[in-house]
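S.K.: For reference, the chains in residue letters:
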Amino acid sequence: MSNKYLFLNSGFPRAPFGLGIGRYVCQLQRITLKFCKNRGGSRGIRGFIEHDLVNYARENPGVVVYVKPRRHRQPVIVAEYLNGDNQWMEVANYSREDVVKWMELLRTQFHNGPSLRWRKLWHTEFPSIQGPWTPFTFRNPMLNLVQLPNKEFGAAVKLGPTATEQLVELFKAQQLADKAVNDSCQNVEETSVHVQRT
Amino acid sequence: MNVLRSCVKTIILSNGVRSVNHEGPRYIKRWVAPTQKILTKLKKSLGEQPEPKRNTFLEWNRSAEIYAFNERLSESFNTEKLEQAFTHKSYLIQEEQRQKEMEIETPVLAIQDNAELIRKGEKLTSEIVQTYLVQVLPEASEDIIISLHDYLLSEEILAKAAFHIGTKDIILTEAIAQKTLADTFLALVAALAESVDVNHTANFVRDFLIVILAEKDLTEVWNPAHPVELLNDVLRKQNRSPAEPRLIAQAGKNTLEVAYNVALYCDKEFLGSGFGQTIQEAKNTAAMNVLSRIFGLLDSNKPIKFNKTINLSS
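Chains A and B supply the protein sequences, listed in that same order.
With the UniProt record's numbering, the residue at position 194 of the first sequence is 194, and numbering never jumps.
With the UniProt record's numbering, the residue at position 210 of the second sequence is 210, and numbering never jumps.
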């Protein structure tokens, strides 16, 4: 992230004032095209004004379009939105096709898009319909029917073998091992006796 | 192949496919920083400047704006009524003053102000909101309907609604304030009722005002101070005994993370439960839980519908 974004406003995607719940309202309220009549940089926007602007205005009667020629200045598009945002963009040396695409983008977005950094790509006003978590939220339903005091539920929570139990285990294992060694010794003695007899 | 190659070469040379990406110097000129500093200093010395008014700009066409306002909302306002709804009394007074200063003896203004429309609109909006809420919240008590109604008709919400349909720049007034915006919304409602009819206006109010409830927690708006007493009143009306609170669980007593779980019973029947850091708080939460279950305002209830139409007979 470069320095340019350090002071950028950040936020979550929100629909402006119930848009889409009631009826759809185009959020672009007016758009101003500023251009120069004889500079080369304004060629694309002049092409747009000549060929596409009338159709654009006819298709979007809710958008007020202003055209402002000014001598020897860079061509600029200023879009104003219902939530009070303004988007200013310079369109010098843009081709007519580019201007068409940018005009479409300005019409379909609901605010000054580049001026907001998304913190997340989703947001909800109702994070939970279960309510906040409490220690009793996912309690065992068996507890509802049990007669208290109860030995089973009242017992301390057992997580693993205790030290005593571990010692007993070790002792038993040792005893088994000793027994096995003794048995093998006896076998060896018996065979030697057998050899001497023969 | 060689011929083709030479052909391509000649075409390229004759047309001149040269790099058009001319780049300027890759540094900022030495004079930029000092100039900017001086400009900023001058700006600061001027102090806070008033926000420029959009309707005083060169690129401003009022009739086009009014037309677009109508089209944007896909409404059918009568243009004269719309003009009247946007004209506040303060603007007319200001205009008269201006004409007197220009030594016009009898100032004549061909437009009317919207005082009458505001009065009518307030009454109508209130009626529409109330009827609509009663229809979509059939189980809710009168108390809830009134508090939601008051919330929707508060100056702040009305101003927000008016702002988001794009009235701010079109209003004719001396100075724009929250009250002006709120009044304009009411005037618009009355103007629409006079242009079309009341039932059509109800749809307008639903789509641009009542819709704010969709992203609002309703128990945040309707928040009784003593929910337990309120619950007892409700139960008394149903000829049932008052609610009996019982502590059903507690955890972490004498710690920072203490939690009590209080349930409310009525005639040995479980009504609902709630949590809190103190027993009183848990009791209130439980009562709120029971009340919102009775009135259909729980988080898990179906959300309010915003596609109903209402019939107002007038």
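None of these hints come from the bench; they were simulated from the model.
All figures in this text were calculated on a predicted structure; none of them were measured in a lab.
Among the hints, a few may not be true.
Unchecked claim - Stretch by stretch, here's where chain A covers chain B in the computed footprint (C-beta under 8 Å, at least three residues):
{"no.": "1", "region": "70 to 78"}
{"no.": "2", "region": "121 to 129"}
{"no.": "3", "region": "146 to 160"}
{"no.": "4", "region": "210 to 220"}
What the hints assert, rightly or not - Per label pair, the in silico range of CB-to-CB distance:
{"no.": "5", "chain 1": "B", "residue 1": "R62", "chain 2": "A", "residue 2": "R58", "range": "44 to 50 Å"}
{"no.": "6", "chain 1": "A", "residue 1": "L116", "chain 2": "B", "residue 2": "K308", "range": "44 to 50 Å"}
{"no.": "7", "chain 1": "A", "residue 1": "F12", "chain 2": "B", "residue 2": "T309", "range": "30 to 36 Å"}
{"no.": "8", "chain 1": "A", "residue 1": "P161", "chain 2": "B", "residue 2": "F270", "range": "58 to 64 Å"}
{"no.": "9", "chain 1": "B", "residue 1": "K302", "chain 2": "A", "residue 2": "H51", "range": "37 to 43 Å"}
Said to hold, decoys possible - Residues from chain A that keep clear of chain B, each with C-beta distances beyond 12 Å, as calculated:
{"no.": "10", "residue": "L6"}
{"no.": "11", "residue": "L8"}
{"no.": "12", "residue": "R14"}
{"no.": "13", "residue": "R30"}
{"no.": "14", "residue": "R39"}
{"no.": "15", "residue": "N60"}
{"no.": "16", "residue": "G62"}
{"no.": "17", "residue": "K68"}
{"no.": "18", "residue": "E80"}
{"no.": "19", "residue": "N83"}
{"no.": "20", "residue": "N86"}
{"no.": "21", "residue": "T124"}
{"no.": "22", "residue": "G131"}
{"no.": "23", "residue": "A177"}
{"no.": "24", "residue": "Q186"}
No residue lacks a Cβ here, since even glycine has one placed at the ideal position from N, Cα and C.
S.K.: All hints, please: hold or fail.
M.R.: Cross-check of the supplied hints:
1. 70 to 78: holds (count 4)
2. 121 to 129: violated (count 0)
3. 146 to 160: violated (count 1)
4. 210 to 220: Result for this restraint: holds, n = 6.
5. B:R62 / A:R58: 44 to 50 Å: violated (21 Å)
6. A:L116 / B:K308: 44 to 50 Å: violated (34 Å)
7. A:F12 / B:T309: 30 to 36 Å: holds (33 Å)
8. A:P161 / B:F270: 58 to 64 Å: Roughly 42 Å apart at Cβ, these two residues miss the hinted range, so it is violated.
9. B:K302 / A:H51: 37 to 43 Å: violated (50 Å)
10. L6: Its Cβ never comes within 12 Å of chain B, the nearest being 18 Å, so this holds.
11. L8: With a cut-off of 12 Å, A:L8 remains clear of chain B, as the shortest Cβ separation is near 21 Å.
12. R14: violated (9 Å)
13. R30: violated (8 Å)
14. R39: Its Cβ never comes within 12 Å of chain B, the nearest being 16 Å, so this holds.
15. N60: Answer for A:N60: violated, closest chain B Cβ roughly 9 Å.
16. G62: violated (3 Å)
17. K68: Its Cβ does come within 12 Å of chain B, the nearest being 5 Å, so this is violated.
18. E80: violated (8 Å)
19. N83: violated (7 Å)
20. N86: Its Cβ does come within 12 Å of chain B, the nearest being 10 Å, so this is violated.
21. T124: violated (9 Å)
22. G131: Given that some Cβ of chain B is not farther than 12 Å from that of A:G131, nearest at about 7 Å, it is violated.
23. A177: holds (48 Å)
24. Q186: A:Q186 is indeed farther than 12 Å from all Cβ atoms of chain B, at 62 Å.
Against the hints set out earlier in the document, violations occur for numbers 2, 3, 5, 6, 8, 9, 12, 13, 15, 16, 17, 18, 19, 20, 21, 22.
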